[in-house]
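Enquirer: The primary structure of each chain is shown beneath.
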Amino acid sequence: MAIDTNNTSATTAATFNIPVGHRISWGGIFAGVSLFIALSWLMLLLGSAIGVSIADATDLSAIGDGLGIGSIIWILLTTIIATFAGGLLAAKMAGTADDRIGALHGLTVWSLGTLLIILLGASGIGGIVNSISGALGTANKVSMSVIARASSSEVNSGLPESVITSIAAIIKRQSARIISSNSSGANSPNQGEVRKAIESLNAEDTGAITSALIAGDTEKARSELTQRSTLSKAEIDSIITGAEQKVQSWSKSDSAQQVKQWLNEQFNDVRSAMSQSIAGMAGSQLSSQEVNRALQQLDPDIMLEAGQYLIMGKPEMAKNVLSVNTNLSEADIQAIVDGAEKEAQQFIERAKAELNEATEAIGTYTQAVLWSAFIAAALGMLAGLFGGHSGAGAVRRVYAVQR
Amino acid sequence: MRIGLIGLVILLLIAGALVQNVFIGGLGGLILLIVLLLFLTGRV
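So the sequences go chain by chain: D and L.
Under this note's numbering, think of the first position of the first sequence as 1, with each following residue one higher.
Under this note's numbering, think of the first position of the second sequence as 404, with each following residue one higher.
Calculated from the structure, these hints are not laboratory results.
One should not assume that every hint holds.
Unchecked claim - In silico contact screen, one side only, chain D against chain L (beta carbon under 7 angstroms); selected entries:
| no. | residue |
| --- | --- |
| 1 | I72 |
| 2 | L370 |
| 3 | W371 |
| 4 | S372 |
| 5 | A373 |
| 6 | L379 |
For every residue, glycine included, the Cβ atom is placed at its ideal position computed from N, Cα and C.
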């Protein structure tokens, strides 16, 4: 509809019949945007119902698998359908027979709808009505949780708290080994018994083993038990087998609490058996003192502090912590730190590799979400233009019929 | 011309989303912007 600039304005108006006044219908656009948001919500519900919705931020295993092709297609489909319908409705409500003006209404519906979704997303309720907003929110939440976990360690080593605890456990085990090997006296208890008594499992150990059991990963539970205790293979096997049977018989909802309780009972049994065994064997004053000394000096806080220094690669500081806070001899401390250092290093490397893997998986997921969001928005714009164009065409057809 | 351009954009964008390729997706986005500008200026 080019305007001939050579003619006078009066002739131009008469020849081309340019509509006067406002050509934009905000009522139509409002209706279109409402339909756009409502349809987005409807499609999100349908997506959830048929199982192609966006993974939950708490479902880390699903996120590790990446954004599925089904989810990507659903995001695209939702945006295209919603913007097309919104644009179509806006153009029809505007009542324009001009394709171009109809398409511009569709474009406005897309832009206003996108703006609203962004605002809703920023206020935290976008994920409820729109799949893109939900996906972006999920990716953001997961990234934040991983960053929070990585930075939760006091030494800022990028390792989670559980690693420090495990390093402390390694030091503790090493200490027990050294102390028990140095214990003397005619009736001193068996070295293995002292070690077992000292290493009786605490609440954190139980928690780690419980979560592995609940996840159905018996191999992990077995390795956790082997790592965190010096129970014999037969004892570990009996605990794991028993737990497997118990877990199968319990319902999903209450299994966590029950497994924990059952495991605690098992550990308490082992613990009390060891104490009785030591009490029976430690007849002389000398051996009892040594056992007491060993138990008292292994304060969890000191072990944690020494563990942190080991993580930071400062074994000398770990030795200082132990020498200041315990009555252990220098040779003992030397043996403890040197022995624990190698084991701790392997553990740290493994933990770092796991953390990197998790971060990489989340990075891939976030990238997939952003790609989908970008393509969906771009196709949504085209769909809005087409919708408006078709809406104007529909208006023309209706008027033609009426004439 | 209009149909051809829009078809190309849609093809590139969908391909870009599925393979998550920077060049394909980026080219699709760029052509889309050009088409939009042409449309708004009344040339398409």
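Enquirer: State for each hint whether it applies.
Expert: Each hint tested on the structure:
1. I72: Given a least distance of 6 angstroms, the restraint on I72 of chain D holds.
2. L370: 9 angstroms, violated
3. W371: W371 of chain D check passes; min Cβ-Cβ to chain L is 5 angstroms, inside 7 angstroms.
4. S372: Holds. Min distance 6 angstroms.
5. A373: 10 angstroms, violated
6. L379: 6 angstroms, holds
Violated hints, in rising order: 2 and 5; the structure is consistent with all others.
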